[in-house]
Amino acid sequence: MLAMNNIGKVFTTDVVQTHALQDFTLQVDEGDFLAVTGTSGSGKTTFLNVAGLLETFDSGQYTLDGQNIKGLNDKQRSQLRNEKIGFIFQSFNLIPDLNLFDNVDVPLRYRGFNGAQRKERILQSLERVGLGKRLRHFPAQLSGGQQQRVAIARALAGSPRFLLADEPTGNLDSDMAQSVMGLLQEINQSGTTIIMVTHDQALAKLAQRKIIVRDGKVCDIGVSTIGLQPQELSAPRV
Amino acid sequence: MNILLNLGPIFRALQRQRFSAILVIVQIAITMAIITNGIAISWDRYLHIERSSGIDEQNTFFMTSSGFTKDFNPRATIELDLAIIRSTDGVIDALQTNSFPLSDSGNWYEIQTSPQTDAQLVPAASYKFDEHGINTFGLKLIAGDNFNQQDTLWLNEADSQWPSHVLLSKATAAALFGANQWQIAVGKTIYVNQNTPIIVRGIVEQLHAPWVDWPHVERTIISPARVTHNSARYVIRTQPGRLNEIMQTLPMTLAKENTQRVIRKVKSIQQAKDEIYAADIATVSILLIVIVVLAFVTAMGVAGLASFNIDKRRQQIGIRRALGASKRQILQHFMLENALLCTMGALFGTLLTLALNIFLVNQYALTPLPIYYLPLGVVILFVISQLAVIKPACRAMSISPAMATRCI
Ligand SMILES: Nc1ncnc2c1ncn2[C@@H]1O[C@H](COP(=O)(O)OP(=O)(O)OP(=O)(O)O)[C@@H](O)[C@H]1O
Ligand SMILES: [Mg+2]
Numbered sequence: 001m002l003a004m005n006n007i008g009k010v011f012t013t014d015v016v017q018t019h020a021l022q023d024f025t026l027q028v029d030e031g032d033f034l035a036v037t038g039t040s041g042s043g044k045t046t047f048l049n050v051a052g053l054l055e056t057f058d059s060g061q062y063t064l065d066g067q068n069i070k071g072l073n074d075k076q077r078s079q080l081r082n083e084k085i086g087f088i089f090q091s092f093n094l095i096p097d098l099n100l101f102d103n104v105d106v107p108l109r110y111r112g113f114n115g116a117q118r119k120e121r122i123l124q125s126l127e128r129v130g131l132g133k134r135l136r137h138f139p140a141q142l143s144g145g146q147q148q149r150v151a152i153a154r155a156l157a158g159s160p161r162f163l164l165a166d167e168p169t170g171n172l173d174s175d176m177a178q179s180v181m182g183l184l185q186e187i188n189q190s191g192t193t194i195i196m197v198t199h200d201q202a203l204a205k206l207a208q209r210k211i212i213v214r215d216g217k218v219c220d221i222g223v224s225t226i227g228l229q230p231q232e233l234s235a236p237r238v
Numbered sequence: 239m240n241i242l243l244n245l246g247p248i249f250r251a252l253q254r255q256r257f258s259a260i261l262v263i264v265q266i267a268i269t270m271a272i273i274t275n276g277i278a279i280s281w282d283r284y285l286h287i288e289r290s291s292g293i294d295e296q297n298t299f300f301m302t303s304s305g306f307t308k309d310f311n312p313r314a315t316i317e318l319d320l321a322i323i324r325s326t327d328g329v330i331d332a333l334q335t336n337s338f339p340l341s342d343s344g345n346w347y348e349i350q351t352s353p354q355t356d357a358q359l360v361p362a363a364s365y366k367f368d369e370h371g372i373n374t375f376g377l378k379l380i381a382g383d384n385f386n387q388q389d390t391l392w393l394n395e396a397d398s399q400w401p402s403h404v405l406l407s408k409a410t411a412a413a414l415f416g417a418n419q420w421q422i423a424v425g426k427t428i429y430v431n432q433n434t435p436i437i438v439r440g441i442v443e444q445l446h447a448p449w450v451d452w453p454h455v456e457r458t459i460i461s462p463a464r465v466t467h468n469s470a471r472y473v474i475r476t477q478p479g480r481l482n483e484i485m486q487t488l489p490m491t492l493a494k495e496n497t498q499r500v501i502r503k504v505k506s507i508q509q510a511k512d513e514i515y516a517a518d519i520a521t522v523s524i525l526l527i528v529i530v531v532l533a534f535v536t537a538m539g540v541a542g543l544a545s546f547n548i549d550k551r552r553q554q555i556g557i558r559r560a561l562g563a564s565k566r567q568i569l570q571h572f573m574l575e576n577a578l579l580c581t582m583g584a585l586f587g588t589l590l591t592l593a594l595n596i597f598l599v600n601q602y603a604l605t606p607l608p609i610y611y612l613p614l615g616v617v618i619l620f621v622i623s624q625l626a627v628i629k630p631a632c633r634a635m636s637i638s639p640a641m642a643t644r645c646i
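If you read the protein sequences in the order shown, they are chains A and B. Position 204 of the first sequence, counted from 1, bears residue number 204 in this note's numbering, the numbering being contiguous throughout. Take any residue in the second sequence, note its place counting from 1, add 238, and you have its number in this note's numbering.
These aren't lab readings, by the way, just hints derived from the structure by calculation. Warning: the hint list may mix true and false statements.
Calculated cross-link-like contacts (lysine-lysine; reagent style BS3-like; alpha-carbon spacing at most 30 Å) [stated by the list, open to error]:
1. B:Lys629 x A:Lys75
2. A:Lys133 x A:Lys119
3. A:Lys75 x B:Lys565
4. B:Lys565 x A:Lys84
5. A:Lys70 x B:Lys308
6. A:Lys75 x B:Lys550
7. A:Lys133 x A:Lys75
8. B:Lys565 x A:Lys119
9. B:Lys550 x A:Lys84
Example chain A residues on the side facing chain B (calculated, C-beta under 7 Å, incomplete) [claimed, not checked]:
10. Asn73
11. Lys75
12. Asp97
13. Asp166
Computed from a prediction, not measured in an experiment: that's the story for all the values here. Every residue gets a Cβ at the ideal spot worked out from N, C-alpha and C, and that includes glycine.
Take these sequences, add in the hints, and give me the full structure.
Right, here's the structure in full:
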């Protein structure tokens, strides 16, 4: 379970202070599939980064899987991230110099699994996304949809409790987006909690729950699209 | 977690970055070849300069007395001079000699153990000084006896006569009688000028010939003779710490005592040594500067390329952080990558070092590189490149995990 209470996050640059998150309050239960939408700059990525321990927050309370996040040091946060959270990014973010096998291997090595354990997990998770026969391929030799599947395999290989996805279909055409979405649903059904940021209303509807973020706050919770501004219904950004 | 187990993917990833990897490897290899050979040459020269000549170099000086009047009496002058010098406060002992170590002038003879023409000839530098030699030079008599006063033979310049007894340096005795039986030389008759017999009275541990680069520099033969000549060279050994003072006052005392001659060329052994080795010292200094500059340039090169690669991989580092790498693991990643490149550079560098050494040995007749210089070279390059990569690696370490989501 993930619970945020009045989280605040401020970015300070030389010129401006941006309140990227303000009194951000949200609870995500075990097994949820949450879609997060909102206009560009509303704070979705910031929320995801804070939730995924990629960034610290300035105020409020955040509990992940029963653990109070405030006060953890960088090493503890890294470890928690490694064990409990899988990430999927809009631009896939595979490491170009590593083949698929080694890419999926990256988080497992940080986890400290032994060679046999790693190999089993890598093969299993690549198999699960339908790329079990492409172990020696490099990311550049795959289509966008396939690359995103590898990223999903990498996120899943460590059996995380949470899968955080920032516009996972943003760089994909609609067919590929559909299939990636199908894969995420399947993963969710097998018990992994998913939080997905998306601009695609059609995909958002497939999630169990949906929140809209506006000016760094959760402003609507539910599955309806009421209250959305017309531009928020537009096609996915690239 | 055993960090070395992570070499596999790092190595495979480097294969995809061949150009920059090869650049580092080649740079490390070339630097290793030059630095290792440079250190070996410098050290070899250093040992050459610093080796002992067998005498008390720190406390010894010499000077020349040259008579210039028609009725100048060389023998009387020498006898009086030595009496004055030896009784001077602070002087340990003194002698008159034809030559001495580091003087760069003198002569040598071929010695043999039998008068036959086919006997093995042993070249040895010849010194002519009396029983004060042991004490003046601080020599160590390791077998037999010193000369005594009656042994001294006064010769004219034209005389080619040899005294009946001589002392040998240990190396001369070893060359004549075999490395392990130099002791048996004492009492034996040896021959100079093919058939002049002389008896070996004693053996001194070490006394160098006058020429530092002579291949037989360790071989000397000492005869208790005094050659009278208008010019005489005196060697004076002082008590520790008194050298400079006595070098100032003694020439004046002697000059006053006898006005038919001048005292010239007053110099300490140390000064003579510095002059003789000036070229060697310059060579070593230049080599050391080259080594330091090259080490610095290589460190800069390694650091620069590491920096470049880290900047290029900022997002990848963010991704690794997002996937759970701790800061330390990022640091380790780059240190390990560098260590891997350095190892390959060192392997290649070992071959290059040997090749350069073979070239130098053939071309300039240098001594072959002792084998332990190779691991030394590897360690030096390893340290240089690991130090060089620390700063860029620390920068990599501080890249935020949010880089994974923020920069596209
Ligand atoms: N590192 C940063 N430094 C300063 N300001 C930042 C930083 N990251 C984000 N911001 C600001 O915080 C606000 C929220 O940004 P965020 O990336 O969370 O928006 P988003 O909802 O993900 O937008 P998009 O849909 O375009 O991805 C924006 O105003 C953004 O400019
Ligand atoms: Mg965003």
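Checked hints:
1. B:Lys629 x A:Lys75: holds (20 Å)
2. A:Lys133 x A:Lys119: Given pair Lys133 (chain A), Lys119 (chain A) holds - Cα atoms ~14 Å apart, limit 30 Å.
3. A:Lys75 x B:Lys565: holds (7 Å)
4. B:Lys565 x A:Lys84: holds (18 Å)
5. A:Lys70 x B:Lys308: violated (106 Å)
6. A:Lys75 x B:Lys550: holds (25 Å)
7. A:Lys133 x A:Lys75: violated (35 Å)
8. B:Lys565 x A:Lys119: Status holds; Cα separation ~25 Å.
9. B:Lys550 x A:Lys84: Status holds; Cα separation ~29 Å.
10. Asn73: Asn73 (chain A) check fails; min Cβ-Cβ to chain B is 10 Å, beyond 7 Å.
11. Lys75: holds (5 Å)
12. Asp97: holds (4 Å)
13. Asp166: holds (6 Å)
Hint violations for this structure: numbers 5, 7, 10, all remaining hints satisfied.
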